[in-house]
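*Asks:* Please build the complex by placing chain B on the supplied structure of chain A, with the hints as guidance.
Line by line, the protein sequences are chains A and B.
Position one of the first sequence corresponds to residue 1 (UniProt numbering), numbered consecutively onward.
Position one of the second sequence corresponds to residue 1 (UniProt numbering), numbered consecutively onward.
Keep in mind that the hints are not guaranteed to be accurate.
[Unchecked claim] Lysine to any residue pairs mimicking SDA-like chemistry, simulated, CA-CA at most 25 Å apart:
hint : chain 1 : residue 1 : chain 2 : residue 2
1    : B       : K4        : A       : A206
2    : B       : K61       : B       : I73
3    : B       : K30       : A       : V165
4    : B       : K126      : A       : G66
Honestly, the hints are just simulated from the structure, not real lab data.
This is what each chain is made of:
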Amino acid sequence: MLHALANPTRFLKIARPLTPILLWLGVALFAVGAWGGLMRTPPDYLQGETVRIMYIHVPTAWLGMGGWSGIAISSIVFLVWRHPLASVAARAIAVPGAVFAALCLVTGSIWGRPTWGTWWQWDGRLTSMLLLFFVYLAYIALARADHDRGGDGRIPAIFGIAGTVLLPIIRYSVTWWNTLHQGQSIGLTGSTIDSAILWPLFWTLAGASLFFAGVVLMRMRALVAAQRVEARLRRLAV
Amino acid sequence: MKAKHQRLVLVLLALVAVLGASGLALSALKDQAAFFYAPGDVARDGLPLGKHVRLGGMVEKGSIARQADGVSIAFVVTDGVAKVPVRFRGVVPDLFKEDSGVVAEGQFQSDGSFVADNLLAKHDEKYMPPQVAGAMHETKSLEP
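Okay, chain A solo, but in the shape it has when bound (with noise of 0.2 Å):
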């Protein structure tokens, strides 16, 4: 399955009608979530109408985070087995990584200033969010200057798995130190958001994954397209 894929031709065979798919469904999905967050479902008890913010900044956390768990694997199966695709990647998913992370940021900025009374405060959730932020930058810098000088990308796929240190951080930041961000609300036994305000959150959840993994497709068919550019310009030279 991995050999299969790890054939640039033909993970561009699938990839190419596969993008499409991915983000239309991705858009639909959300939209459904976003109609059920703003239309259907009841206000918070005690933070109103404000809780529908919930339904943008959960998945562009949860993407945020995701997304380095994408570079992290393909960095461990670039270095481990060396396919090039894994490189490829990585390097796709740094720049919508980060985007999502700013949007977190953003979004989690203009929820806590109707409910905490502040936009930003150096707390253990937020500060280590902004790390991650500014992890993803560092890698994209890297990465970038790996490809330019001819590198093989086993610098940035270090990078990547060293990056990683971040992630438990920013999930346990909230059950181990005191903060000003709340505790987790999903967990694996269950969730403490009441069934009737939850449920959109799945559709924008799932929606802004399909998305992310369309453009993580996109982004992979132009650096694979740009590869093989640099190559045939390279075989004209000589």
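*Replies:* For chain B alone, coordinates are given in the frame of chain A:
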């Protein structure tokens, strides 16, 4: 052992080391990364006098007292271990209410009370419609 397997073992070891590092960071930073002092911390470790700090906990039920000038309030912050009386003059956040979380920014006084210059409301991880909440917290009221 093939080179591929060797790399796999190395990478997995690296991953374990990285995750171990984040566990160590989480536990080592426990005190420094705390966002606020809880009343229990202060009772145990003494008052951090002369410093601008944050005090966090629950607003004790029935403790909010509005002063005659209309903009000053007094209330008690508790964490179940100890209590600290707080005075504040200004606009409180919408979510500030009794039996709910609060983070006060300001200074401890030598008598053990706290004078806040800013209040942040802290809410918990439970979200529910007003009807459900009404059934669960029948005695809870928005009025002080």
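*Asks:* Against each hint, give a clear statement of whether it holds in the structure.
*Replies:* Going through the hints against the structure:
1. B:K4 with A:A206: violated, 35 Å
2. B:K61 with B:I73: OK: K61 (chain B) and I73 (chain B) at ~14 Å, within 25 Å.
3. B:K30 with A:V165: holds, 16 Å
4. B:K126 with A:G66: Judged against 25 Å, a Cα distance of about 24 Å means the pair holds.
In summary, the one numbered hint that this structure violates is 1.
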